[in-house]
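2 protein chains.
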Amino acid sequence: MENLNLGKHISGQFNAELEHIRTQVMVMGGLVEQQLTDAINAMHQADEELARRVIEDDRKVNNMEVAIDEACVRIIAKRQPTASDLRLVMAITKTVSELERIGDVADKICRMALEKFSQQHKPLLVNLESLGRHTVQMLHDVLDAFARMDIDEAVRIYREDKKVDQEYEGIIRQLMTYMMEDPRSIPSVLTALACARSIERIGDRCQNICEFIFYFVKGQDFRHRSGDEVESLLAKK
Amino acid sequence: MENLNLGKHISGQFNAELEHIRTQVMVMGGLVEQQLTDAINAMHQADEELARRVIEDDRKVNNMEVAIDEACVRIIAKRQPTASDLRLVMAITKTVSELERIGDVADKICRMALEKFSQQHKPLLVNLESLGRHTVQMLHDVLDAFARMDIDEAVRIYREDKKVDQEYEGIIRQLMTYMMEDPRSIPSVLTALACARSIERIGDRCQNICEFIFYFVKGQDFRHRSGDEVESLLAKK
Numbered sequence: 031m032e033n034l035n036l037g038k039h040i041s042g043q044f045n046a047e048l049e050h051i052r053t054q055v056m057v058m059g060g061l062v063e064q065q066l067t068d069a070i071n072a073m074h075q076a077d078e079e080l081a082r083r084v085i086e087d088d089r090k091v092n093n094m095e096v097a098i099d100e101a102c103v104r105i106i107a108k109r110q111p112t113a114s115d116l117r118l119v120m121a122i123t124k125t126v127s128e129l130e131r132i133g134d135v136a137d138k139i140c141r142m143a144l145e146k147f148s149q150q151h152k153p154l155l156v157n158l159e160s161l162g163r164h165t166v167q168m169l170h171d172v173l174d175a176f177a178r179m180d181i182d183e184a185v186r187i188y189r190e191d192k193k194v195d196q197e198y199e200g201i202i203r204q205l206m207t208y209m210m211e212d213p214r215s216i217p218s219v220l221t222a223l224a225c226a227r228s229i230e231r232i233g234d235r236c237q238n239i240c241e242f243i244f245y246f247v248k249g250q251d252f253r254h255r256s257g258d259e260v261e262s263l264l265a266k267k
Numbered sequence: 031m032e033n034l035n036l037g038k039h040i041s042g043q044f045n046a047e048l049e050h051i052r053t054q055v056m057v058m059g060g061l062v063e064q065q066l067t068d069a070i071n072a073m074h075q076a077d078e079e080l081a082r083r084v085i086e087d088d089r090k091v092n093n094m095e096v097a098i099d100e101a102c103v104r105i106i107a108k109r110q111p112t113a114s115d116l117r118l119v120m121a122i123t124k125t126v127s128e129l130e131r132i133g134d135v136a137d138k139i140c141r142m143a144l145e146k147f148s149q150q151h152k153p154l155l156v157n158l159e160s161l162g163r164h165t166v167q168m169l170h171d172v173l174d175a176f177a178r179m180d181i182d183e184a185v186r187i188y189r190e191d192k193k194v195d196q197e198y199e200g201i202i203r204q205l206m207t208y209m210m211e212d213p214r215s216i217p218s219v220l221t222a223l224a225c226a227r228s229i230e231r232i233g234d235r236c237q238n239i240c241e242f243i244f245y246f247v248k249g250q251d252f253r254h255r256s257g258d259e260v261e262s263l264l265a266k267k
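If you read the sequences in order, they're chains A and B. For the first sequence, my numbering begins at 31 and goes up steadily by one. For the second sequence, my numbering begins at 31 and goes up steadily by one.
Derived by calculation from the structure, the hints in this document are not laboratory data. Take every hint as true, because none was put in to throw you off.
All copies of an identical chain are treated as equivalent in the list; a pair is satisfied when it fits inside any one copy or across any two copies.
Pairs of lysine-lysine residues, derived as DSBU-like cross-links and limited to a Cα-Cα distance of at most 30 angstroms, are as follows:
1. Lys248 to Lys90
2. Lys266 to Lys108
3. Lys193 to Lys266
4. Lys90 to Lys266
Please put together the full structure from these sequences, using the hints given.
Printed below as a string of structure tokens:
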């Protein structure tokens with residue numbers, strides 16, 4: 031935790047406030063991870079009750095985003111942080127926005143699972159399970175890296191997204207063959223495709239969180255760089 | 031412009047800095063609007079050169095996001111803004127992130143238009159043109175509302191998204207019939223569907239920018255409320 035430089039402030043109260051926000055991010059991240067895991071299970075096992083619970087709990091995720099954002103603005107106004115403290119607060123406000131959108135994916139998967147899938151087309155969803163588990167693991171790891179502001183781990187997770195993309199491409203090809211073979215399956219397959227795309231986007235959002243870790247630790251904005259550029263920028267410092 | 035409360039600061043330099051960032055947001059917004067208009071024209075007229083130019087210029091949009099974000103962090107560190115100044119800076123940093131993602135849609139449309147459409151399936155894209163023009167107008171209006179922090183206009187634009195959603199639903203239904211009638215069209219139709227979805231998401235992003243306008247003017251976070259709730263909250267104040 032030493033690279034967080036917490037504990038160096040004259041005001042113990044300021045430390046406590048920063049630490050509290052960080053904890054809140056971890057609580058929110060844990061909830062989102064649970065939501066996503068539940069959504070994938072609900073889809074896979076056609077568990078309607080679980081799906082409904084995930085949809086219900088999306089409100090909690092949304093409320094946490096707003097509360098953490100408010101706490102960030104309050105801390106800026108009151109404590110006037112600079113340097114790494116300010117970077118931490120800015121990284122947090124951007125990270126919770128990504129987490130909220132990952133929460134939306136869980137909600138969306140459950141709504142689709144509840145409404146659109148006829149029993150006959152449930153097997154389509156099997157294709158999505160492994161992609162879903164992959165992104166849950168990525169989310170779990172990036173939250174862990176965020177908690178420790180661990181840049182090496184963030185680099186590893188950043189690279190992982192390429193595998194998610196490849197897996198997604200494979201699923202699209204597979205789903206397309208279903209449609210070609212049986213045009214009646216088209217509506218269900220389209221829903222499965224939309225789910226797959228949302229899940230694939232979770233990988234991108236985890237990559238964004240990695241960039242906020244880079245930003246906090248290195249003090250430099252790494253967004254919109256190519257993978258190679260990111261590697262060489264990180265190596266330089 | 032009076033509701034921006036600019037010009038009240040003791041430091042003329044601080045005013046100038048805030049005004050400069052606001053101008054940068056408008057420049058970025060103008061560029062994104064142009065990119066989106068060009069992308070829709072490139073798609074509609076199958077103009078490869080224009081499509082290539084849009085893809086090339088996406089870099090400019092990305093760079094502007096990073097530059098404006100850096101300017102926001104600098105102004106927080108140096109000027110320690112509070113109250114409406116701080117809300118303005120926070121609203122700007124979130125708005126440029128939405129604008130950047132709208133820029134990505136322009137880029138994506140052009141990439142798809144260049145790579146995936148066989149001459150035979152170009153008519154599919156006609157369906158998307160009107161949806162595209164609708165969202166360009168929405169973006170244009172929301173930028174205008176942001177420049178003036180005009181809450182009445184923001185409310186009107188916020189409501190407009192419902193129409194975009196309805197138009198999108200109609201397009202999906204229409205595209206689905208193509209696939210059912212001719213399975214050979216499936217790959218092209220899927221591309222058209224992905225374009226339509228990206229365009230529809232622009233409406234959501236404009237709605238988000240409306241929420242940042244509400245936040246700046248009313249000092250309250252309106253995210254994740256239902257449309258009715260937003261209306262009644264706005265009416266109350």
